[in-house]
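Number of protein chains: 2
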Amino acid sequence: MDDPDLHSLPGFRFSPTDEELIDDYLKPKITGNDNKNTRRLPVIDICKYEPWDLPSFARIPTKDKEWYYFTEQSLRHKKGNSKNRSTEKGFWKPTGTDRKIMSGGKVIGMKKTLVYHLGRSPKGEGTKYVIHEYRTTKEFDGKHPGQVGF
Amino acid sequence: MDDPDLHSLPGFRFSPTDEELIDDYLKPKITGNDNKNTRRLPVIDICKYEPWDLPSFARIPTKDKEWYYFTEQSLRHKKGNSKNRSTEKGFWKPTGTDRKIMSGGKVIGMKKTLVYHLGRSPKGEGTKYVIHEYRTTKEFDGKHPGQVGF
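Chains as they are written, first to last, in the UniProt record's numbering: chain A, 1 to 150; chain B, 1 to 150.
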């Protein structure tokens, strides 16, 4: 990365690892250490929009069809223990099990995958839109009640 | 990409699309249009080495455990219609079916996935090492008998 010519190579782009997303973006954002890097990712309420409207908010060119955002898990989305991720026309439905994000042998975060369905739960029609939602682990969140995810 | 600050973002790295690998690297290489970009990827005979020795040849830092090389499909690896991809200690075994790489509605190349097995075919023990081998389509290769793949 100390070679400036590298940056002009075709194929050089924003393609962060899970670990970077947690350590370099999510943690600074949550702890009030916003900086020129974290400010590159827009903060939006994912559920206020339909998935096809989201790319217009992104400010970093990425690979294929992939975009990055912060979104607050506001209290109004909570319903008992589960979170309501409904949009006007559909909803984001979790799929599979959450995966641990490890760094130096420790769990630093979790990653959940959600698929957009048109309609209303428990019905609804699956689509090709997918979100990978990142969160920090409970131990970390405990000190910082504001939760932010991608 | 015209914003220089982007390049200093954590997570900015070499992460080419399939289309870029074919159009910006493989085609120039095959057609004698080697340039400062293509010269970044080492040319090695993949089968002269074991997979755990390959990373030391790479000259571009990439995401996780991913490296890029050119390798010639030399005639001596050909055995009838199939290619012999044996190393000293094992062999690269194709898995699944080859995938088309599209650009502007046209097939510009193919992608084959191979898994390294320790031992000798048809026996051998599967490992976690995987190669994605890119080649241009026949129409293109016809003009340029030298074949190069990643």
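Simulated from the structure, these hints should not be mistaken for lab results. Hints may be right or wrong, so weigh each one.
Identical chains blur together in the list; that is why a pair holds if it fits in one copy or across any two.
What the hints assert, rightly or not - Below, in silico cross-link-like pairs of lysine-lysine (DSS-like), each with a Cα-Cα straight-line distance of 27 Å or less:
#1 36 <-> 111
#2 106 <-> 128
#3 93 <-> 111
#4 106 <-> 89
Just so we're clear, the structure is a prediction, and the values are computed from it rather than from any experiment.
(request) Go through the numbered hints given earlier and state which of them the structure violates, listing their numbers in rising order. (result) 4
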